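Residue-level listing of the chains:
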Amino acid sequence: MIGLEAYLIVSSLLFAIGIFICIGKRNLISVVMGIELLLNAVNIAAISFSRYGSGFSDQSDALAGHVLVIFILTVAAAEAAIALALCVLVYRHFNTINVSDVNQLG
Amino acid sequence: MSFFNQVFKGPQLAYYFKKISIAVFIFIVIVAGYFFSQLFFDLSKFSQFIFDFVLQRSNYNFAYFTSSIIGALGIISFVGLVLLVGSWVERRVIAKFQIRVGPNRVGPFGLLQPIADAIKLMQKEVLVPAIADKTLFLIPPVAIFLPAILAWGPIPWAPNMSYLNINVGILYVFAVSSLTVPIIFFAGWSSMNHYALLGSMRTVAMMVSYEIPISLSLLSVAIITGTLNFSEIVLWQSTNSIWLGLFMPFSLFTFFFASTAEINRTPNDIAEAESEIVAGYHIEYSGMKAGLFMAVELGNAVLLGALVTSLFLNGWFLFGIEKFVPPYIIFIGKTVAIYLLLIWLRATFPRFRLDQLMNFAWKTLIPVSIINFFVIAIEVTILNQFQSTGILIYIFALFNIFLFLGLIVVWSKIFSVDKFQPEKIQPKFAGEIGGLEAMKGVKSVD
Amino acid sequence: MVLGSLQVPGKDLSELINNSFADTIQNYTEDWVELKIENYLQIIEWMQNDKNIDAAQLSNLTAVDMLDSFEIHVHLQSLDKQKLYSIKVIIDRDAPSIPSLSNLYLGANLQEREVYDLFGINFTDHPDLRRIFLWDGFAGHPLRKDFLQMENANPGLPRFPFEEEGKQER
Amino acid sequence: MTVEEQYELNIGPQHPSTHGVFRIKVAMNGETIEDLDMIVGYLHRSMEKLSEERTFTQNIPFTDRADYLAAMSNNLGYCLAIEKLANVIPPQRATVLRVIFAELQRIASHAMANGTLVSDAGAWQTPLLYMFREREKILDLFEMTCGARLTTNYMRIGGVAFEPPDEFYPLLNELLGELPDKVDEYMDLLSTNEIFIARTKEVGIISPEDAINASLSGPALRGSGVPWDLRKAEPYCDYENYSFDVPVGNTGDSYDRFMVRMFEVKESIKIIKQALNELPSGMHKTQIPLALRPEPGQVYYRTEGPRGELGYFVISDGGPAPYRMHIRAPSLINLSLLKQLAVGSSLPDAVVTLGSIDIVVGEIDR
Amino acid sequence: MIELTAYNFSFIMMTLITILPALGIAFVNSLMRSLLLLILSFIGVAGLFVLLSADFIAIAQLLIYAGSISILLLFAVMLTPEISINNENSKYFLLASLGAILFLYLMILLITIFDLNQLTGNALNKLDFDNTIEQIGTLLLGKYIIAFELASVLLLFALIGAISIVRSSESDFDVKIKDSK
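Residue numbers (my numbering), protein chains in the order written: chain A, 1 to 106; chain B, 107 to 552; chain C, 553 to 722; chain D, 723 to 1088; chain E, 1089 to 1269.
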């Protein structure tokens, strides 16, 4: 039976891949992609807890997970916009967006 | 006997026979059509029958799976039929506008022309540019079919006849259609052609801007009907006996105009402007790959017709005729009407420029949509105070129509669209301004 | 008499020019006025700006190969006065060179490029002197009368640029 | 490949809006044109060289192939130049017939020019095909007169080649009867169309000073407000006897050039009607020697072609062939301002500007 | 072994659509291709949300991640030139893979050690939420109104911030960096 465990395993897989991309990639845009994957993994976990969790007083209580995901989506959109603006700025300043080359303060 | 001879002489007999046989044929067609339509009045009976039939012989999962596959096949085959017939209709109708005949050689009235075209396109070689990113180049023509077909899911053809009767119908169509943007972008980028890149950048810029007015107009629909479900929106219009297109003409206009930008139709087909960037993002595609892009565009035009019909034109209802004619026939009829309107626009209008279009989106459509949205929100709040909407909704409809016209006037004043009066921009005549020596004093620049 | 109705006879024009620039007219007939090459640019500029002549527009600029020399024919016109002035300059055939009118008349740009392409006449101070119809590296200048006898011109010309160089980028 | 960098775009030689094998190499930044290089010569046949090897009469077909959309006008210009050079006086009937055919050609050419302009502005070929309807009728008239539709080779030195057949005149009258209505129909369709105005108004503005300085002629010059028409200024073919007016634009934008062409069509209809009324009887052609040998001399003869000042500069050395023949091609010279107009504007505007200047590649390259 | 019901089959498919492209991003060298894979992965996550009967969240996921954030990323790639197209691994590749595997091991350990049944309980019987949108809407504008307002303020600031950061190359921020050199 597919249950909470399965979703949590998928979520942690995605999270692990996200961590891997965040650290293991040189390109700043790739790092942003990795962060998006991390957020997605969190979203899966939140929704699956909301779907399979017990101890909720009523349905609207259970839907708190959904609300949390909506806020994460909002923050992700804002974060992506700012991060990519920073990417462009970093490129303009350092003429590269390799993370390992951007290693000085100014 | 002599009378009979007199009336039915040789040539006359043939003449009357022809007339009578045509009349009989038309009568038979009408009668057969009536019985046929009564037989297929409610197609949900058939799907229920199939579902029950499979359920009796297997488990629920299998029955669900089978019926969903059959429904999906139904949608896909309908879209395929639309693509075949639609291209013929478009070419014939545009030919009528342009004093031509259009395709008329293959089959009766050229009806088999789309099939001949498809065969020809399939025979053609698919060229992949040497410097193109080959993987990315070959994915978009196929991938672009995905949103184009998925978006047909929640369309309410008739009562109980909607493949995906989901609560988030409008949002679903909106989300799925936004998937075309990256696909078109990948098509243009992977071609490694400047024309293609220009086309895809134009598409992305245009689609991103025009999603806002579309979402605002859909939001107005959602707040007045209180649902995002297509069937319920159609039913709301019939219970309140008003078409949403009449109640909020500006939302209809915004949705229609912005959608023409989303699906690359004239006057907003700047993403593949033939006279500027040749074919835009699919310039490097040849053979059936180009054909797929064009087919999707055509399918999207018909899809727009279906969306406008269900959101603004009361879906399958038409003044009680729906009791006699199968509702899905009415729905398809309205869809075809919108599609013909699109063809008419394509045959008539020149194209906007990109900056004009963007200006129109950001300076006109979005602010006016927001005003319109607030006005409708206020009206909805007032309407919700009453048990039945009654006459009030008609008063609001009238108010909205005048608001629409007023906003047009105000905005054209603000942006001085009427700067060019026809009488001021007519040429003068040399005779009026003093003959050929009128330009005395015009000297060359040093 | 083969003058158009607008054309100023050479005699009248030469008098007009003589009044301002003495001793610059080489020769004149009814059809044209021949200028010395030294004064060519100066006189045309004066004609463009002079109120009485008002040669505001360059109607035509072309060259003729006279076997021993090149002739440059310039037709200037005044739209206000409704006059057409025909001017001719004879230039050396071995190293043909003449001042460019492009800085006076925008319309001379393409016509001078055409003459450069087809006659090989060098226009000094031309902003953008390149071949216009034929490609760079085309042997010879086809409107010269001795085009087919020129050393570097061979009858079997390459049909396309860089044909013999293989797949070079065009 | 980035958005902010300058990149190169090849418009043509095969492109829907270059009207032939015309190539523009543009350096673009985003949607803005930053530099432009015009590359012509794909249709170069060196007519001027070829004509030095053929007799004066044999050169007439070359003029058809120069401006293949206005063959009659080109024939006329060349024949008038040679007649001036050789002192041949055409009969009166031939002169009037020449006017009729030249003006019909002007209508056909302007219909094509305006149709393609609207097509360039993005109308999906509908106006083009509407204008083609009238052009087809005119080409039918040409065909029944001289057997050819495009490369007519109709004018001769000292007259015209053939007398029009009897069925020509009723058809011409029918056409003249319906043409003004058709022109009004197109004006209704296009001249007040908001999108068309938005696309052409204040696009590609040429000031009168620039137009004169850059040797522009024809509708491109008159669109800028300069009332200059050789049919009025230097009348040939007895144009001074016809009453017609010269339309001039206000601001010199693409819309004005479009409208000037539309109004010129109306004026041409007037001229044809007057010419038909006073069509004298008599010969349509004088006899000239087979190998015409004009006196040595030179001529620069200009006519008002549909695209502008169409000049023929011919030098005779007394032989049967011209010593030098130069065609002053309005299409080429009208392009002098293309770079100034296009640089700084966007690609769609440049396309519309090019369409409004109305080029014919056969005449540019010769 | 798990039973192959329609639900389980869909779950496996969606998991594959999510995980395989995500893995692909780590190993594909072209940034554009990895973007395409990222979009696929987002779509897979949306599919998982549908299986969790979170229809509104699934659509929002499609709309915001697959439709909008991917476009933002596309623009970022286009605004930085060709050297940014490559998507190579950094020198921390081994460290990253080690960390990821360690994390995964820990998580799976946690998931298997805990008896999740006592957490899930009777909720398993309840298959679907009916009509989540209205309740989410009520929650957002009721219980979580402050968070909702804050989120909108955050979005506004993000919008203004992003614009002001990239507006011009000689912005104040840029000048400060140069001064500090």
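Hints are computed from structural coordinates only; laboratory data are not their basis. Hints may contain errors.
Unchecked claim - Cross-link-like lysine-lysine pairs, in silico, DSS-like; alpha carbons within 25 Å at most:
| # | chain 1 | residue 1 | chain 2 | residue 2 |
| --- | --- | --- | --- | --- |
| 1 | B | Lys-534 | D | Lys-859 |
| 2 | B | Lys-202 | D | Lys-923 |
| 3 | B | Lys-534 | D | Lys-904 |
| 4 | D | Lys-923 | D | Lys-1061 |
Said to hold, decoys possible - So the derived list for chain D, only partly shown, Cβ under 7 Å to chain B, looks like this:
| # | residue |
| --- | --- |
| 5 | Gly-734 |
| 6 | Pro-735 |
| 7 | Met-769 |
| 8 | Leu-772 |
| 9 | Glu-775 |
| 10 | Ala-883 |
| 11 | Pro-887 |
| 12 | Tyr-964 |
| 13 | Phe-966 |
| 14 | Phe-985 |
| 15 | Val-1065 |
| 16 | Gly-1066 |
| 17 | Leu-1069 |
Predicted, not measured: the structure shown is a model, and the values here were computed from it. Beta carbons are placed, not taken as given, at the ideal position from N, Cα and C, and that holds for glycine.
| Hints violated by the structure (listed by number, smallest first) | 1, 2, 5, 6, 7, 8, 9, 10, 11, 12, 13, 15, 16
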